[in-house]
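Visitor: Given chain A, work out where chains B, C and D should sit, using these hints.
Protein chains in written order, with UniProt numbering: chain A, 1 to 109; chain B, 1 to 109; chain C, 1 to 109; chain D, 1 to 109.
Worth double-checking, as some hints may not be accurate.
Pairs involving identical chains hold if they fit within one copy or between any two copies, as the list cannot separate such chains.
What the hints assert, rightly or not - Pairs of lysine to any residue residues, derived as SDA-like cross-links and limited to a Cα-Cα distance of at most 25 Å, are as follows:
no., residue 1, residue 2
1, Lys29, Gly89
2, Lys22, Gln71
3, Lys63, Asp83
4, Lys22, Asp48
5, Lys24, Ala60
6, Lys24, Ser67
7, Lys63, Gly89
8, Lys63, Gln42
9, Lys63, Arg87
10, Lys22, Leu70
11, Lys63, Arg39
12, Lys24, Glu74
13, Lys24, Glu98
14, Lys22, Gln66
15, Lys101, Asp48
16, Lys101, Gly89
17, Lys22, Glu47
18, Lys24, Gln71
It should be emphasised that the hints constitute simulated quantities derived from the structure, not laboratory data.
4 protein chains.
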Amino acid sequence: MTTTEAAGADAPSTPGTHGYHKQKDEHLKRLRRIEGQIRGLQRMVDEDVYCIDILTQVSASTKALQSFALQLLEEHLRHCVADAAVRGGDEIDAKVDEATKAIARMLRT
Amino acid sequence: MTTTEAAGADAPSTPGTHGYHKQKDEHLKRLRRIEGQIRGLQRMVDEDVYCIDILTQVSASTKALQSFALQLLEEHLRHCVADAAVRGGDEIDAKVDEATKAIARMLRT
Amino acid sequence: MTTTEAAGADAPSTPGTHGYHKQKDEHLKRLRRIEGQIRGLQRMVDEDVYCIDILTQVSASTKALQSFALQLLEEHLRHCVADAAVRGGDEIDAKVDEATKAIARMLRT
Amino acid sequence: MTTTEAAGADAPSTPGTHGYHKQKDEHLKRLRRIEGQIRGLQRMVDEDVYCIDILTQVSASTKALQSFALQLLEEHLRHCVADAAVRGGDEIDAKVDEATKAIARMLRT
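Chain A on its own, in the form it takes in the complex (with noise of 0.2 Å):
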C-alpha cells in the first residue's frame, strides 16, 4: 500500500488512526499466528523436545515478530513520519527521533 494510494482510498485518514489502521485485520492474523507458535513452543518443552529443535522454533517466531514490527515500522514511516514533514515546523524532528530509538531497540533484541 503506497502513501498515494492510501491517501486515494481515505485521505486524510481518519484522526486518531496511524498508519497501519489499514492493514489492521492482517496484523492481527500475524499476532494470532506468533500467539499460536508461542503455545507450541509450550507443548515442546512440556513434551521434552530436544533444545535445538526449540531453539529452532523459537528462531522463527522471533523473525514472525520482527516482520511485523518491520510492516508496521514503514506504515509508520510513510505516515506519521511523512505527514509531519509536509505539516512542517519541529514536529518531524520529534518523529524522527522517536523513530530512530524504535529502530536502536529493535537491533539491541
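Guide: This is chains B, C and D only, laid out in the frame that chain A set:
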C-alpha cells in the same frame, strides 16, 4: 544451576530428558508470560494504539523470547554438549555443529 | 542536529550532498576508530589471545558500526525522506521502501 | 576441522594456544578484508555517496564480523569447552557461563 549441582540432584538425568528438564516449570511460566504479551499486542493493534508504543512492546517480547532461548542454549551446552565431549568419539562434532547453527539462526533474527 | 537547525544553517542543503554531510568529519573519525579496532583484533589473533576476549572486542566493533549506521539512518530520515515527503508525489514511497529494506538488512546482522 | 581431526593433527594442542590456532591465517585474512571494507566506508562518506548505499556496505561489514565471531565461537566450543568437560570438575561451568555471556553480547549487537 551448575553442572555439578544438576548432576548431584539427579545424576545421571533420566534418559530422554534434556538439559532444560530441571527448569521446565520456569520455562513454561516464561512462555505463558510471552503468550500474554502477544495477546497484549493484539489489543494494542485493535485499539489503534500509536505505532511506536506497539514497536516498544514488540521489542520487549522479542527480548523475552531471546532470553528464554539463551537460557535453553546454556543448559544445552552444560548438559548435552558437555556429556557428548565426556563420552568421546565424534558425537561432540555434531553437537558443536548444530549448536553453532542454532546460534547463527538466533543472530539473524 | 535537528532538521530546522540544519535547514537554517544551509537551506536548502547543497545539491549532491546528503543528510550526513554536515556530520562528515564526525563520521570519518568514528570509522577510523573502528578501523583501528579491526587492526586490534588482528593483533589479538596473532598473539593467541583467549577466544572469549576476542569475541568481546568483536561485539564492541559491531556495536560501533551499528551506532554509525543508526546515526546515518537518522540523518537520512530527517533530510532525504522528509524532503521527499515535502516535495510530494510518489518519491516518498521509494524512499520509505528503500529505508525499510536497509533497516531489515541491519536487523539480519 | 572437527575435534578428532584437530586432535589427530596436534594432540594435545600446544599449551597457550586456543581452538582457533589452526585457522589463524584464515582469520587474519578475513580481518584484513574487513579492515579494507571499513576504509572503503571512509571513502564513501568522503565522496558523499548516497546514505542507503553506505548502510548496505555497513551491513556487509557487520555480517563479515559476525561470521568471524561465529567461526571463533565454534572452535572455542569444540576445543576449550569440550576439553574442560573432559577434564571434569567445575571448570566446565565457568566455560559454559562465559560462552553464554559472549553469545548474549553478540545477540545484543
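Visitor: Checked against the structure, which of the hints given earlier come out wrong?
Guide: Going through the list in order, the structure violates hints 1, 3, 7 and 9 and respects the others.
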